[in-house]
Structures are given as structure tokens and as C-alpha cells.
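Here's the letter readout for the chains.
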Amino acid sequence: MLSGPGSLRRAHFGPLSAFLALWLLSGGVSYAADSTPEAAPAAAAPAAAPPAEAPIDPQVARGKYLTDAGDCVSCHTRKGGAAFAGGLGFPTPFGTLYSSNITPDNETGIGKWTAADLRKAMHEGIAPGGKHLFPAFPYTAFTKVTDQDVEAIFAYLKTLKAETYRPPANSPAFAMRWPMAIWNALFFKPGRYVPDASKPAEWNTGAYLVEGLGHCSACHSPRNMFMAEVQERAYAGGAIMDEVAEGKVRRWSAVNLTSAKGGLAAWTVEHLASYLKTGVSDVAGTFGPMNDVIVNSTSKLTDDDVKAMAVYLKGLPVQENQGQPVSGADVQAGAEIYKKRCDECHGSSGSGGMFTAPPLAGSAIVQATDPASLLNVILYAPKRAEGISYGEWETMKPYADVLSDAEIASVANYIRGSWDNKAPAVKPADVAAQR
Amino acid sequence: MNRLLGTLTGIALMAGLAAPMAARAEDKDVIDYRQNVMKTLGSQVAILGAMAQKKIPNDNFAAHLQILAETAASAKAAFTPKVVGGKSKATIWDNSADFNKKLDELVQVATAGATAAKAQGAAAGMPRLTCKGCHDVYREETK
Chain A
12 MLSGPGSLRR AHFGPLSAFL ALWLLSGGVS YAADSTPEAA PAAAAPAAAP
62 PAEAPIDPQV ARGKYLTDAG DCVSCHTRKG GAAFAGGLGF PTPFGTLYSS
112 NITPDNETGI GKWTAADLRK AMHEGIAPGG KHLFPAFPYT AFTKVTDQDV
162 EAIFAYLKTL KAETYRPPAN SPAFAMRWPM AIWNALFFKP GRYVPDASKP
212 AEWNTGAYLV EGLGHCSACH SPRNMFMAEV QERAYAGGAI MDEVAEGKVR
262 RWSAVNLTSA KGGLAAWTVE HLASYLKTGV SDVAGTFGPM NDVIVNSTSK
312 LTDDDVKAMA VYLKGLPVQE NQGQPVSGAD VQAGAEIYKK RCDECHGSSG
362 SGGMFTAPPL AGSAIVQATD PASLLNVILY APKRAEGISY GEWETMKPYA
412 DVLSDAEIAS VANYIRGSWD NKAPAVKPAD VAAQR
Chain B
41 MNRLLGTLTG IALMAGLAAP MAARAEDKDV IDYRQNVMKT LGSQVAILGA
91 MAQKKIPNDN FAAHLQILAE TAASAKAAFT PKVVGGKSKA TIWDNSADFN
141 KKLDELVQVA TAGATAAKAQ GAAAGMPRLT CKGCHDVYRE ETK
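Chains as they are written, first to last, in the numbering used here: chain A, 12 to 446; chain B, 41 to 183.
No lab work stands behind these hints, which were simulated from the structure alone.
With a straight-line Cα cutoff of 16 Å, these simulated EDC-like cross-link-like pairs (lysine to aspartate or glutamate) come out:
#  : chain 1 : residue 1 : chain 2 : residue 2
1  : A       : Lys438    : A       : Asp416
2  : A       : Lys272    : A       : Asp431
3  : B       : Lys94     : A       : Glu281
4  : B       : Lys127    : A       : Glu355
5  : A       : Lys172    : A       : Glu118
6  : B       : Lys127    : A       : Glu405
7  : A       : Lys408    : B       : Glu181
8  : B       : Lys122    : B       : Asp69
9  : A       : Lys350    : B       : Glu181
10 : A       : Lys408    : A       : Asp354
11 : B       : Lys127    : B       : Asp176
12 : B       : Lys122    : B       : Asp134
13 : A       : Lys142    : A       : Asp128
14 : A       : Lys394    : A       : Asp253
15 : B       : Lys79     : A       : Asp354
16 : A       : Lys200    : A       : Glu243
17 : B       : Lys172    : A       : Glu403
18 : B       : Lys79     : A       : Glu355
19 : A       : Lys90     : A       : Asp303
20 : B       : Lys172    : A       : Glu355
21 : A       : Lys123    : A       : Glu162
22 : B       : Lys127    : B       : Glu181
23 : B       : Lys129    : B       : Glu180
24 : A       : Lys408    : B       : Glu180
25 : A       : Lys351    : B       : Glu180
26 : B       : Lys172    : A       : Glu405
27 : A       : Lys438    : A       : Asp341
28 : A       : Lys325    : A       : Glu281
29 : A       : Lys408    : B       : Asp176
30 : A       : Lys351    : B       : Glu181
31 : B       : Lys116    : B       : Asp72
32 : B       : Lys127    : B       : Glu180
33 : B       : Lys142    : A       : Glu403
34 : B       : Lys79     : B       : Glu110
Which residues of chain A face chain B? A few of them, derived with a C-beta cut under 7 Å, are:
#  : residue
35 : Gly364
36 : Met365
37 : Phe366
38 : Thr406
39 : Lys408
Values in this document were obtained by computation on a predicted structure and should not be read as measured data. Backbone N, C-alpha and C fix where the C-beta goes; we use that ideal spot for every residue, glycine too.
Chain B with its partners taken away, still in its complex shape (with noise of 0.2 Å):
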């Protein structure tokens, strides 16, 4: 009996001790997904950019508006759960609307360049994307 009781008790410690350890494991998992998307954005913005300036051949031009976009599409769920952390600012899940908004706002910018980038190739020009309305806002600075 004592040690049934002892083991039950041991399980349900370890299981007390495992949850919080399970959770911070997550988190760093929802936050690294984060960053991989963001990441990402910025990897192809930083392609598209030099495209439009004309640093870069603009042959994938159409190419690497599609990856924009349909990355763009994946962020919203990898916002969706709300962790405090990386560069990610409280208010995100706060004013959820207008983030959710500003977000939807890339994916319809940035999917409408992609399908007339696709027709058109480069000629289509650069979509009016707009990472910086979000990022003044949302984004935390690195301390």
C-alpha cells in the first residue's frame, strides 16, 4: 500500500515537475517557428528588394514573390498561439484584430503581386508590401 501510495505520489511529482518543463520545451518551439517564418519574409524581401533595384538578375522574380506569399499566409498560424517571447510584443494577442488585420493585408498584397508576377514576370513590379507598419508596433527591439 505504502508503496503504491509511494509511486502514485512519485508519478504525480515527476508529472508536476514534467508539465512546466513540457510547456517551456513548447514555447521555445512556438517561438522558433516564429522566427523561422519571419526569417523567411525577410529572406525573400531582401531577394525582392535587390531585384527592384536592380542589383540582382530578376529572372526568379515571380519565384520568389510565390514563397512571399504563401509564407506570409503561414504566419498567421504561427501567431496564433499566444507566447510571449522573441521579438514578439504582448500586444500582438492584445489587438489581435488589427495584427490579424495587418496581416491579412500582406498575404492580399503579396498574393495579388505573386499571380501577376506569375503572368507578367518582373515587368509586374514590386507589390506595396508593408513590414514596417507591423514592426513598429509589434516587434520588440533587441535588449
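Here chain A stands alone, though its shape is the one from the complex (with noise of 0.2 Å):
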């Protein structure tokens, strides 16, 4: 039942063709339905091979796949460094950390690490020589995928060029690394995958993507003052810090991907699998951090794959947000605001269009308790990816040089307690603090 993509060679147009080739050929992780929990999902063998010069092994063609389902490139390349070279900075509320380097250099990448040194540090959080990973490198989830997919990403890491480059220390703040044994401990349930024999090979192939190489819940999950992910409140909504303009770190909210009616509960799984193959759904497109988990990662699965990631997480136990939603007067009082700037597109009923712009009726973005995402924009104006199409959807204009922390917030509230939405009051002072 489990078989590798199978040989295929290496396309006139370059390797890189010869693995677009794979990615459209591979039948990508899927569980097959008489899956054991020790059986590796793995992909289906292509139906035919491009004409070729060079064979590439399947194994690596299958790694470059999963590394692509971990999107490992995102944060393991710095702003005009080589891929995987890392140097790429994580401010957090304890310093900053810097993403190393993954690239097979002796020195200064993992040229010398072996395959069982990869497991070690994906399953376990601990890196050659004992030394203890802090879970910016998400291995929380990570512990989730199959050693023999970790292998193959192994295998895959081993065919990159070396770079050599060696990233900037840490703060001080991480030079301790044995607190991590105490965190991991309390926080951290290292294990494989289990499917579940209860559910379709699909949702189970959207369970171990979701779960372990995709890490949705390391954004997506609320975290506790320790950093670690609050399980009873999984994918109800996280934060991260990240750039809101050219140079700017602010926060960001990271929706809630249950199907809550502060979440995901407008979206089928038809506009979930076509927002991650394609950036872009009838209820939204990417814009922020997203893009680069849309472009880096998502957009390369499979249609099967991201299908199986939809229908698992329309799946997801529905959490609800929290907080007192806004109402009466502190609502009206941006009607106007919302008239003049914002109605043209998103429409007075909240509904969007085709050829105008998403919908804020129903919107997750929205309906965030935690406004971050909204607020950023709002003043920055939705950052587009490059490579996506956004269809005819008109682009929006950024609003903070034209409108004060009051108008925003006022605006902001509006929106969050019109047409059904639901969600806590803005304070100008939130809008201020992402400026």
C-alpha cells in the first residue's frame, strides 16, 4: 500500500520542473484507509515520468515535498540570504532568536549531522551534542511526523547547497538552554501520529499535515505566559510578531480555525482547499504572514492534500471567542466613516464582491477577539503575495496617514458589531499600539 513516488528523472527544463513535475504526479501524504498507526503515509506512484537525464531519487523528491508541507524555507532563510541558510530573527517576549542554518555546511550548517540527529531534533526538541531547541522551532508538532518522512526531509536537506553562514547569537535571554528540559516536561507530548481508526484515510491525511509538518496551532493556538499552546483551546486563535510594513514588527492576530461563527464557520471546504492551494477563496485572500505559508508551502501540495487539511480542519471542536462583543452607539458611531471609505467595496451589507473586495460580514479577520490583524489592515492595507492572484478584487489603500486612532477604532468597531458580526470593542490606544 505504501509506496514512493518512484524514480523520476530530471526534466530538460531543470530540477526544479522535474519536482513541479513530482509535486503534480505525487498522490502527496495520504493515509491509505488500511493505515496502521506505525505505517508511514507515503506518496502514490507517478502515472508516467517526464522525459529526463538525470534520475533523481525518489526518496529526496518525496523530502523536498514534506519540506515543502513544513515550510521550512519561511523561517529558515533570512531576507536576502540563501534558502535555508537561516539568520531569519523571531522577536518573542524574551528576545530575539534566530533560525539556523539547515543547509548541508560543515560548519555552520547540519553537513555533519546523520538522519537519526534530524529525528532527534524534529521528534524531540534536542540537537546533537544534547543541547536543547527552543519550540520557535515548532517540534511540538513536528514530533508528529513519521520517521521515515523525517528522512526523506533529511534526505532532501542533504542535496541543498551548502551555504556557510553562520546566523547572529541569540539574545542573552536563550543563552540557558536547560530550562527547556523543565518547559518540555510540563508542556511538551513527544510521539508520532496516531490516526484514528474511527475517521476517512482523508481526514486522517489532514490530521497528520494539520498537526505535524503544517503546524497551524503554532500560530493559530493561544499561548500561555510560558509560550506553550493551550490545548483546551486549540486553534481558537493565536499571535505572532511580524512585519506590518517595510521594516515595522508589530503583532498579528492568527484567526480561529474552528468553524465558530468568530472563525471559520463561512468557509466550506471547498473555500478552505482553494484559499490554501491558491491564496485566494470567495470569503478571502491572503495577506501578511500567510503569504508566505500559502506561497512557500501550501500552494505546493497536492489538491488531495490540501483537501484533506480543509476537511480536517472544518472538523476542528468549535471554540468560540471570548469577550463582550461591542454594541449599540460605540457601533453606530463609525456607520459614517464606514460609508465614506469603506462601502464602495466591501458594501453596506458587509457582503463584498466579485469585482470590489472580500467580506467582512462573516469574517474571521474581523470577528478576531484579539484585533491585531484588522488594525494592521486597516492602516497598512492588506500586503498582497507576489505570484497570487487576487482576481478582480480592488486594491486597498492604507488608512494611517488619513485617518486618526479614534476614526480606526471607531471604524473597526463597526465593522465587528455589524451584520451578525460579533467581537470585543477596539480602544484607540490598540490602534496606536500597532502604529
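Each chain sits in its own coordinate frame; assemble them with the hints.
In C-alpha cells:
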């Protein structure tokens, strides 16, 4: 039942198009219906191979697909730097962490690592030499990835060009690594993904991707004061720091991925699959931190795999948003600004349109308890992803220089409390914090 | 003589005063005309978009596409007088060749779409209209 993608030869367009062909031909990571807990998911054999010169190791090809599924490149690449050479900074409440070089350079990368070393890092959060890794590297999710898949990823990483580059040192707070042993004991549950026999194969494939390599919960689940994901509120929405404009890093809220009214209730499986595959659906288009996830990862997965992820996400236990919804005069105060600035594209009923803008009624971004991402959109306009077609939606303009904090709070409250939307009030100080 | 002079002066003065007033009224009418044309285009694409997304019945798909195509064809006349204002940027008339080319493309695509829809109904599908390409360049944001 478990077969690799088969041998593929390099097409004359070069290795990139050979890999592209593989994505198209491979059956993704589908779990077979008779998968056992130990069974590794595998890609189906391609129906045909393009004309070729040199063979590509099927394990390497599969490793590339899985590396894409894990979106490794987005975090392990600094701005302007070589892919996978690391050095991207992650601002945390404790200081800045830098991603590592995962190219096979012997001194600065993972050139001396073995497959077992990568397994230990991904499954246990421990690098060679016993060094504890920080969970900015989501080993809390990667622990669910099968041994076979980690080995394929390792085989692929070994084929990358070795880049000699040492990322900057982490902030002093991260010099001590032993506290991570305590953190792991308290918050980390190691173990491979165990398929749920009562669920269809598609759901299991989706669960494996979402919970494992996709590490969606790393951003979309709330974290406690120790920066551990709150399991009881899994996928209820989280927050991360990322760029809002060139060189300006601010807070972003990651939406509630469950089908709560303030989450993805308005989304169908088809909407979600389309969004993950193309970056756009009738209900929303990608912007901000999701751009890299779509462009570097989910858009490269097979149609079957993104659909499986969508099926799993739509089946998540519902987690309602928290907080007292804004109401009455606080909502109506922003009606005029909405009419003047937003109505033309988003519509008087907030339903948007194919030729104007995505809907605001029922939107997860609009209703997120934490308004950070909504405010970023109003202040800086949604940053579109390169190479993604947003159809005929108009280009939204930034309002940072047009509206005051009070005006932005006011119009945000109008859309958070209209058309059956429900979300807590936004204060001018919330807007100021995003400037 | 003096009375005649006075009357002539009065008429001249009135004409002088009246001319700019008349011009202003005319500008407003031109802007209204443009805005009404754009509103009609906007309302038709909103209807067609909702039909394409299956939010509403698509029985009148061809009819709305026909209205869109004819309104788009009339838009050129609405933008011929150079009157900066409303949401129209001066660049419409500075780069009139490009502006008219974009408008012609819209007319062409909408007309072809309307012809196809007349024969096949909604099955003809949504033509690839490009509103945004023009708006991004030539439409002023509300201040």
C-alpha cells in the first residue's frame, strides 16, 4: 500500500520543473485506508515520468515535498539570504531568536548531522550534543511526523547547496538552554501521529499534515505565559510578531481556525482548499504572515492534500471567541466613516463582491478577539503575496495617514458589531499600539 | 448715452460673472454623468459577480452583461470632456491613449461576453473584466 513517488528523471527544464512535475504527479501524503498507527504515509506512484537525463532519488523528491509541507524555508531563510541558510530573527517577549542554517555546510549548517540527529531534533527538540532547541522551532508539532518522512526530509536537505553562514547570536535570555528540559516536561508531549481508525483516510491525512508538518497551531492556538500552546483552546486563534510594513514589526492575530461564528463558520471545505492552494477563495485572500505559508508551502501541496487539510480543519472542535461584543452606540459611531471609506467596495451589507472586495460579514479576521490583524489591514492595507492572483478585487489603500486612532477604532467597531458580526470593542490605544 | 453705456457695462459684467457660474455647473454635470455611468457599471458587475458565485439565480445573466457592455461603451463619451474632479485623476487626460485603450478593452471583453451569454446564457461564463487595472491608476481615493 505504501509506495514512493517512483523514480523521476530530470526534465530538460532543470530540476525545478522535475520537482514541479512530481508535485503534480505525486499523490501527496495520503494515508491509506488500512494504515496502521506505525504505517508511514506515502505518495502514490506517478503515472508517467517526463523525459529525463539524470534520475532523481524518489526519497529526495518526497523529502522536498515534505519540506514544502513543513514550510521550512520561510523560517530558515533571512531576508536577502540563501534559502535554508537561516538567520531570520524571531522577536519574542524574552528577546530575539535566530533560525539556524539547515544547509549541509559542515561548520555552520547540518553537514555533520545524521538522519538520527534530525529525527531527535524534530521529534524531541534536541540537537546534536544534547542541546535543547527552543519551540520557536515547532518540534511540538514535528514530533508527529513519521520516521520515514523525517528521513526523506533529511535526504532532501542533504542535496541543498552548502552555505557557509552563521546566524547572529540569540538574545542573552536564550543562552541558557536547560530550562527547556523543564518546559518540555511540563508542556511537550512527544510522539508520532496516531491515525484515528474511526475517521476516514482523508481526515487522517489532513490531521497528519495540519498537526504535524503544517504546524498550524503554532500560530493559530493561544499560548500561555510560558509560551506553550493552550491545549484546551487549540486553534481558537493566536498571535505572532511579524512585519506590517518595511522594517516595522508589529503584532498580528492569527484567526480562529475552528468553525465558530467568529472563526471559519462561513468557510466551506472548498473555500479552505482553494485558499490553501491558490491563496484566494470567495471569502478571503491571503495577506500578511500567511503569504509565506501559502506561497512556500500549501500552494505546493497536491489538491488531495490541501483538501484533506481543509476537511480536518472543518472538523475541529468549535472554540467560540471570547469577550463581550461591542454594541449599540459604540458600533454606530463608525457608520459614517464606513459609508465614506469602505462601503463602495465592501458593500453596505458587508458582503463584498467578486469585483470589489472580500466580505467583512462573517469574516474571521474582522471578528478575531485580538483586533491586531484587522487594524494592520486598515492602517497599512493588506500586503498581497507575490505570484498570487486576487482576481478582480480592488487594491485596498492604507489609512494610517488618513484616519486618526479614534476614527480607525470607530470604524473597526462598526464592522465588528454589524451584520451579525460579534467581537469585543477596539480602543484607540489598540490602534496606537499597531502604528 | 450714459444709460446705454451703463446697461452695456451691466450686461458685460453679468456675462462675466455668469460665465464661470455656468462653467461650474457644467463641470458638476460632467462629473455626475461619469459617476452615474460608473455606478451603473458597478451595480452590473456586482450582480454578475453574485451570479457567478451562485449567491443569486442567474436567469438574467445575459441581460445584465448586455447592460454592462452598453454602459461601458457609453463611458468613453462621459470621460471625453477634461474635467478633473470627483474621483477622476488628471492623468486620465494626460495619458488619454492608455486610458482609452483600457476602456476599449473593457468594452471589447464585455461585448464579447454579452454576445456569448446571449447564445448560451450563464453557461458562457464570466468574461475576464478588468475594472481594477484602470481604478488602480486613474481613480482618486476618497480623502
